[in-house]
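S.K.: Residue numbers (the numbering used here), protein chains in the order written: chain A, 820 to 959; chain B, 8 to 213.
Hints are supplied without guarantee of correctness; some may be wrong.
Said to hold, decoys possible - As a list, the in silico DSSO-like pairs of lysine-lysine whose alpha-carbon atoms are at most 30 Å apart:
(1) A/K909 <-> A/K935
(2) A/K909 <-> A/K841
(3) A/K935 <-> B/K195
(4) B/K47 <-> B/K57
(5) A/K909 <-> B/K195
(6) A/K898 <-> A/K825
What the hints assert, rightly or not - Only part of the chain B face toward chain A is listed, based on derived beta-carbon distances under 7 Å:
(7) A121
(8) L126
(9) F130
(10) N199
Unchecked claim - Here are the simulated distance ranges between beta carbons:
(11) B/G43 <-> A/V836: 37 to 47 Å
(12) B/A149 <-> A/G842: 18 to 28 Å
(13) A/N832 <-> B/D51: 51 to 61 Å
(14) A/G946 <-> B/R140: 17 to 27 Å
(15) A/K825 <-> B/E163: 37 to 47 Å
(16) B/E124 <-> A/G842: 13 to 23 Å
(17) B/N110 <-> A/G946: 18 to 28 Å
(18) B/G109 <-> A/A869: 49 to 59 Å
(19) A/E904 <-> B/D51: 34 to 44 Å
(20) A/G871 <-> B/E138: 28 to 38 Å
(21) B/E127 <-> A/G946: 18 to 28 Å
(22) A/K943 <-> B/E131: 45 to 55 Å
(23) B/P22 <-> A/Y830: 51 to 61 Å
If you are wondering where the hints come from, they were derived from the structure by calculation, not from laboratory data.
A virtual CB, placed ideally from N, CA and C, is assigned to each residue, including glycine.
Below are the chains, spelled out letter by letter.
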Amino acid sequence: MAYSDKVLDHYNNPRNVGSLDKGSANVGTGIVGAPECGDVMKLQVRVTEATGIIEEAKFKTFGCGSAIASSSLATEWLKGKTVDEALSIKNTDIVTELSLPPVKIHCSVLAEDAIKAAIDDYKKKQGVPAAEPAVEVGAH
Amino acid sequence: MGPVCWQCSGLIDGPLFCGACGALQSPPSDYFAFFGLGSKLSVDPAALQKRFYELTRLLHPDRFTRKPEREQSHSLEASSILNDGYRVLRDPVERAEYVLRGNGRGVNERRTQAPPELLEEVFELNMALDELRSGDQSARPAIEQACAGFEGMLAEADSSLMASFEAWDSGGGDTALDRIRSILDRRKYIQNLVRDASAALTAPVA
Chain A
820 MAYSDKVLDH
830 YNNPRNVGSL
840 DKGSANVGTG
850 IVGAPECGDV
860 MKLQVRVTEA
870 TGIIEEAKFK
880 TFGCGSAIAS
890 SSLATEWLKG
900 KTVDEALSIK
910 NTDIVTELSL
920 PPVKIHCSVL
930 AEDAIKAAID
940 DYKKKQGVPA
950 AEPAVEVGAH
Chain B
8 MGPVCWQCSG
18 LIDGPLFCGA
28 CGALQSPPSD
38 YFAFFGLGSK
48 LSVDPAALQK
58 RFYELTRLLH
68 PDRFTRKPER
78 EQSHSLEASS
88 ILNDGYRVLR
98 DPVERAEYVL
108 RGNGRGVNER
118 RTQAPPELLE
128 EVFELNMALD
138 ELRSGDQSAR
148 PAIEQACAGF
158 EGMLAEADSS
168 LMASFEAWDS
178 GGGDTALDRI
188 RSILDRRKYI
198 QNLVRDASAA
208 LTAPVA
């Protein structure tokens with residue numbers, strides 16, 4: 820199965836690979852994993868506390884091209900958004916942007932879960948109660 | 008009234024043969040019913056093996072060459088169920104998956120989650136595997152240590168599996184099945200990690 824050009828672009832030139840200081844109060848870290856394929860994804864955001872705006876987002880993903888592209892794209896989208904806007908990113912947006920085929924939809928779900936986990940972690944550090952678990956879409 | 012023999016119209020008492028004329032009946036497709044062991048997840052391997060050998064002898068095609076065509080076809084069908092069933096029932100994981108499938112809890116019937124408490128370790132393991140694959144031998148001890156930890160978790164999963172088999176057998180119902188499903192998912196996930204890590208450890212040095 821061929822990857823779309825956008826997936827290949829993110830796969831060959833992943834944006835924002837790396838890590839942020841996990842211990843820092845304004846950094847949220849989310850690690851999520853797919854049970855079927857063993858993919859594991861770490862996504863981190865650094866937030867300006869006064870404005871709630873995500874100034875930096877980093878990821879490291881062990882997985883297939885689509886998983887890498889999904890998380891790379893997610894970090895691009897996260898930068899400049901507020902934490903609440905970040906939560907509105909849906910896996911279906913990623914599917915559309917990257918033209919992911921049905922068998923790779925779970926990669927986009929993983930990326931959405933990673934965003935939510937990172938934001939939750941940030942909110943927890945800031946003393947905000949965690950959001951309700953999201954309704955899962957488009958999975959298996 | 009129970010099922011009736013296709014040949015002599017006598018009542019069938021056992022799962023396979025007519026008690027009156029001895030004719031082989033259309034075999035049940037359920038493995039537990041076929042082996043006549045009761046549908047309990049805790050299975051005594053010795054009793055199962057004994058029953059398998061016994062049925063192998065009773066169902067051997069040679070015994071049916073001069074029998075009616077209908078019985079010959081039952082014997083073919085029964086032999087195939089016998090072998091498939093033995094393969095499934097002798098293995099605790101396969102056996103549990105079989106029962107779960109029969110109760111709407113097959114592997115692909117809903118979305119699973121990777122065990123959240125393991126993710127950090129899994130991430131670290133992947134980092135180390137990357138280093139090893141790129142030729143950094145100093146990553147080896149960390150991977151070996153992680154593997155040993157995961158092997159220990161597999162052993163724990165096996166004993167909780169046996170405990171939940173007993174829970175199901177003594178009427179644990181849906182709760183027991185859900186528990187078995189989650190143990191099997193966790194077990195599979197860890198097994199894959201160990202498999203990938205072992206492959207990297209034994210791969211020829213680049």
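S.K.: For each hint given before, does the structure comply? Return the numbers of the non-compliant ones in rising order.
M.R.: 11, 14, 17, 19, 22
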